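Novice: Given next are the chains, with one letter for each unit.
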Amino acid sequence: MAKREVVTTEEHGSDDRRPRGGVPEAPAPGEAPSDLLRELVAHLRQNRNQLREEWVNRIAETRLLTAMSKEEIFAEATSVYDSYVEALETETFEALQNYARNLSERIIPRGVETHEVVGIVLLLRDVLARSLFAKYQTDFRKLNRILDAYEPAANRIANTVAVGFVQERERVIRQQQEAIRELSTPVLQVRERLLILPIIGLIDPQRARQLTEQLLRGIRTTRAKVVVIDITGVAAMDVTVANHLVQTVEASRLLGATVIVTGLSPEIAQTLVTIGVDLGKMNTVGDLQGGIEQAERLLGYKVSALSEAR
Amino acid sequence: MEVPILKQGEFLIATFQAALSDQDLESLRRGLLQQVVKFRSRGVIVDVTAMDVMDSFASRTLREIAHMIRLRGAETVIVGIQPEVAFAMVQLGLTLEGVAAALDLEEGLAYLIEKFKNID
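Chains as they are written, first to last, in the numbering used here: chain A, 331 to 640; chain B, 2 to 121.
If you're looking for bench data, these hints aren't it; they were derived computationally from the structure.
Quantities reported herein were computed from a predicted structural model and do not represent experimental measurements.
Keep in mind that the hints are not guaranteed to be accurate.
In silico DSBU-like links for lysine-lysine, alpha-carbon gap of 35 Å or less [as the list claims (entries may be wrong)]:
#1 B:Lys-116 to B:Lys-8
#2 A:Lys-465 to A:Lys-400
#3 B:Lys-39 to B:Lys-116
#4 B:Lys-8 to B:Lys-39
#5 A:Lys-632 to B:Lys-39
#6 B:Lys-8 to A:Lys-465
#7 B:Lys-116 to A:Lys-632
#8 A:Lys-611 to A:Lys-632
#9 B:Lys-118 to B:Lys-39
#10 A:Lys-472 to B:Lys-116
#11 B:Lys-8 to B:Lys-118
#12 A:Lys-400 to B:Lys-116
A partial selection of chain A residues facing chain B, derived with a Cβ cut-off under 10 Å [said to hold, decoys possible]:
#13 Lys-465
#14 Lys-472
#15 Arg-537
Built from N, CA and C at the ideal position, the CB exists for glycine as well.
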């Protein structure tokens, strides 16, 4: 093998490849990017077991994926490794993206965090890079070329996996938010033509809007004539949400339903007065019980005890 | 487009078919009042079920119609406002204040009958 002149520098970089003069060298035969990639992939496949084991050890060392058992980590590591190599080989990242989302779907409920996922992918990247350094240490120029092929792909992979994971997390969060919203605003029919809407917790404008839409649909479906909106469970309300409440009352009227608001806290009463709500338009009663009693009166119900009751 | 006005005993029922132009609303205003006088109606139901949007002009016209009809001693009820339309209206501040509203034709009739039951 001809002795090659090696430019000694501390770190490699794309500038170091160029001989003085600035003209980049043409690739030697067998060193077209696609050839190098093939060589690289072959090397990764050949040393799969050893590299995978090294990676799993590094993961344990850095205490990542503590939520998973050793067997699980090994199983996932195998899948990730194979997907990684395949992505390098095919230079397509869709399969990897789908795998990343699939993996995320499985491990997010286990409590795996974003930094862990990014961490293990970067570790794999390091392990593979080191193995390349080891293999091509005698041929610095070839090493550079191999790294030229490896680095962009490896970075793209790290990116793809991280983004896939984050997207899955965001999807789960949105889903949970939706579920919480659905839970919190049930529209309940307690009598013919009487609906109760108990509101608990914080209302933001979005929730207030959803609440109004749900209520109006409910009025139409159940042909309700009276609605009792109970806000005992709502500590405070800002001006925007208070306005939403007023609008809900007005919109319900347009559908022929009277709204009784019950359970106003002193703070909310203050807010309503401050924004200048025409309290003549708002029907309010102290508590839910009082509200239901008034609703029954409005509907012409009379509640009396049965004589047989103890 | 003509708005059909039907007579139901002492009441008149005007049914909006679809989106009405400003002229349609104007001619309805005239037409309804004429009919109230002609039949000595005591109540008018305006059915807007087919309206999927209500703008400020339509809203104001409906209020004016109700006003004029009240001056003739008759009562107006708007029925059939869709949930989405109601929501959009109140957000624009169009609350049809001073005009009675009911869920649908059946409720509108029940409202008018109830109202005049107490008077007679």
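Novice: The structure should be examined with respect to each hint, and the outcome stated for every one.
Specialist: Evaluated hints:
1. Restraint check: the Cα-Cα separation between Lys-116 of chain B and Lys-8 of chain B comes to about 18 Å, which is no more than 35 Å; the hinted pair holds.
2. This hinted pair checks out: Lys-465 of chain A and Lys-400 of chain A have alpha carbons roughly 29 Å apart, not beyond 35 Å.
3. Under the criterion of a C-alpha separation no larger than 35 Å, the hint pairing Lys-39 of chain B with Lys-116 of chain B is consistent with the structure, at around 22 Å.
4. Straight-line distance between C-alpha atoms of Lys-8 of chain B and Lys-39 of chain B comes to about 11 Å, which keeps the hinted pair within the 35 Å bound.
5. Taking the CA atoms of Lys-632 of chain A and Lys-39 of chain B, the gap is about 42 Å. The hint is violated against a cut of 35 Å.
6. Among the hinted pairs, Lys-8 of chain B with Lys-465 of chain A is inconsistent with the structure: their alpha-carbon atoms are about 96 Å apart, more than 35 Å.
7. Taken as a hint, the Lys-116 of chain B and Lys-632 of chain A pair is honoured in the structure, with Cα atoms around 21 Å apart against an allowance of 35 Å.
8. Restraint check for Lys-611 of chain A and Lys-632 of chain A: satisfied, since their Cα atoms lie roughly 25 Å apart, inside the 35 Å limit.
9. Only pairs whose Cα atoms come within 35 Å are accepted, and Lys-118 of chain B paired with Lys-39 of chain B is accepted, the gap being roughly 23 Å.
10. Pair hint Lys-472 of chain A plus Lys-116 of chain B does not hold up; C-alpha atoms about 96 Å apart against a cutoff of 35 Å.
11. For a cut-off of 35 Å, the pair hint linking Lys-8 of chain B to Lys-118 of chain B stands: about 19 Å separates their Cα positions.
12. Annotation: proposed proximity of Lys-400 of chain A to Lys-116 of chain B is violated, straight-line Cα distance about 77 Å (limit 35 Å).
13. Checking Lys-465 of chain A against chain B: minimum C-beta separation of about 67 Å lies over 10 Å; hint violated.
14. Hint status for Lys-472 of chain A relative to chain B: violated, with the closest Cβ pair at about 68 Å, above 10 Å.
15. For Arg-537 of chain A, the shortest C-beta to C-beta distance to chain B is roughly 15 Å, which exceeds 10 Å, and the interface hint is violated.
The earlier numbered hints that this structure contradicts are 5, 6, 10, 12, 13, 14 and 15.
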